[in-house]
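Trainee: So you can see what is in the structure, the chains are spelled out below.
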Amino acid sequence: MKSGILVVMEVRAGEVKRASFEALTAARGLKDALGGEVSCLVIGSDLDGPIEAVRGAGADRVLAARSEEVATYSTEGYGRAGLAAIEETNAGLILLPATALGRDLGPALAALSGAAYAAECTGLEMNDGALEVRRPVYAGKAVATVRSRTERLVASLRPNVFRIQEAEGASAAPVTELNFEPGPIRARVTDVKASSKDRPDVAEAEIVVAGGRGVGGPEGFAPLEELADVLGAGVGASRAVVDLGWRPHSEQVGQTGKVVSPNLYLAFGISGAIQHLAGMQTSKVIVAVNKDPNAPIFKVADYGIVGDLREIVPALKEALARELS
Amino acid sequence: MNVFVCLARVPDTATRIQIAPDGKSIATDGVTFVINPYDELALEEGVRFKEAHDAELTVLHVGPEDFQKDLRQCLAKGADKAVHLKATGPMGPAGIAALLAEEIRPHLPAVVFTGKQAVDGDVGATGVMLAHELDLPVVTKISSFSVEGEKVVCTREIEGAVETIETSLPAVFTCEKGLNEPRRAGLKEIMAAKKKPLEVKEVTAPEPRLELVRLELPPERPEGRIIGEGVEAVPVLIDLLRNEAKVL
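In order, the protein sequence lines correspond to chains A and B. Going from the first sequence to the numbering used here is simple: count from 1 and add 12. Going from the second sequence to the numbering used here is simple: count from 1 and add 256.
Keep in mind that the hints were calculated from the coordinates and are not lab data. Hints may be right or wrong, so weigh each one.
Among chain B residues calculated to face chain A with C-beta under 10 Å, some are [said to hold, decoys possible]:
1) Gly380
2) Glu415
3) Leu466
4) Ala489
5) Leu497
Beta carbons are placed, not taken as given, at the ideal position from N, Cα and C, and that holds for glycine.
Okay, chain B solo, but in the shape it has when bound:
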């Protein structure tokens, strides 16, 4: 069974977002781009699976920008090879899923891990759409993963409850925080990663199914107001909540 981990490139979550002059993208000056935090969990789970099952692990990235440094880091953390599917132009989850599927298909059967969503578009569709393309079952938002004989048992947090989900393999899994603690690569691994294969392939992404009309900052909240100090402010607060904000 081969293992694939699919990674997105996103602005660090500490980024203050500004809109670019085109009104359709973010200003990238001074923005640090990182591997999507949920995909870091996917990578860790992929490495664990690979180690337990003596499989080959490939990391895949679809996108226009250079991502070599981050892909090398994945190789240092245990991936065997990396493939960057370099596409330009706007892309939606269906197009990304189609490109990933084309790359994975010749290597089936495969278990695929990716994040539950990328923290830029916050869509959370690529994993499900990839499973559809590959005709594999999918389990989204997993918070635990264990192989039990022929099947995999996962858990997922839903509103007010935890679901247990069983699936056969091969399958696609999308990862939620809490699943694992991603490892750091040691110096030896970082050196060894320099010799691992990293391939860049030029590809053409299908047209996105959504058209972006505009991107804007959310309406600003009115300037905050400090109503008092200490317990003396409590009756003031209750009065404001009841009579001004009318939320009680």
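The following block holds chain A by itself, in its conformation from the complex:
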């Protein structure tokens, strides 16, 4: 594989997403083994803030792809910006967060640059001088270890897996303005509507409060939402309750929903179907509350409580509110 690492930073509404810094930390960890520089790419129209946020984070170099045409995301515009950065740096490894944006842009960059592509990676390690990438398959029911057969690899990294380490004593990296032609763009984002609630997305949250059929009905999620807000948590749901229409699909955790690995996953009234367990079993700590002591969820729960969640959730909320205040 070629030397040099390029990290595509995700900028949303002027903010550099946390998962991008996780990818940058992973890149710095591989720099000595792979050789070359670590470059960060930021794409957008208003980049001064993001560039400042990225410059001191330990990259050797920052590339700015600036154009009104890429003020919002498009596979084509961002793809051309990314390709220009790959050509400028000649990097062998291209990292990006496995967010909606990264999962869309990653394969495009691989196609444009003729690279191999590994999605949702959870491990990057050198073995015998070669980079080995670990990635869950079958929604985490198995883990594949892969290597690139080409001289270039694009890898999207699952959020919340690679921990951010501050780059101590990092100096402000030099900034290069990229020359690139963003158009023609045939498919483009014309509007972005923030979800009404001010809660982290289940895939990004460090704590997840999830409910299943045992919650009893759509209204049964209100106490879970209150608990989530005490914890600053995201809300998740089992496939059963999404299929019943109690919760939106964006909250579904499992094989046909989102695969999550928060620090703390609290499962209420979720029996633990195999396709749900696949989506959350890499959580660091799992708590389960269920009235059925034989529910499969208890097999993976670090801490299980048997009982009526309608009593336990409010009690837990009160106790946590006191504990965290």
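Dock chain B against chain A, hints included.
Mentor: What follows is chain B alone, placed relative to chain A:
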């Protein structure tokens, strides 16, 4: 405008995965294989498009195994013809996209639907790479689709927001749950599907760009522990979260 729907064959999501003795594949004994659930959404959207625009709908599948029964089901649900590109050996998304593109190219302009990812490898690259091969725009993970004059307006859920995306046609779309409710085929349609064309073509897949070193089961979690019953267990839980797990 022709319509194409690309389908993958995957283990049913209720499958308990076991690793085969070669350490690089899954044991398939007793495993039920189905059409990838996201591709079912793609098929439904393709049928709706076909019905609204009086187009011809072809379903495409790339893979080594027999898939006739499932492809017949697609024909019963409204596809006009099915093509199975039969390739053996390991395949990656770039190779699959190249094979699909070769099949679709003579029939352009075309609108193409496929799932956002196949629930085996969970890569989610084929649609984007196919669009690249065909030089078409792509919209991934669509949760709604509507044709408005010359353009298509879609929505996509991203972290904490919903994007509206506009594209010209022809284009490639990858489908997310919530897009539609796939239909069931009636007996009459199932009978009629037996007469629809289903072609199997032998093809050679390009070498995958990734080498699979090994496949293994994830590390097992420590055996679960029940710490108590009812509200009395709440203070115990908080103590454990704070002092043992250290996550508060």
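Trainee: All hints, please: hold or fail.
Mentor: Structure-based check of all given hints:
At about 6 Å, the closest approach between the beta carbon of B:Gly380 and any beta carbon in chain A falls short of 10 Å, and the interface hint on this residue holds. Against a cut-off of 10 Å between C-beta atoms, the interface hint on B:Glu415 holds, since the closest Cβ of chain A lies about 4 Å away. Here the hint on B:Leu466 is kept, as its CB sits about 4 Å from the closest CB of chain A, short of 10 Å. Using the Cβ-Cβ criterion of 10 Å, the hint placing B:Ala489 at the interface with chain A is satisfied: the shortest such distance is roughly 4 Å.
This hint holds: B:Leu497 has a C-beta 7 Å from the nearest C-beta of chain A, less than the 10 Å allowed.
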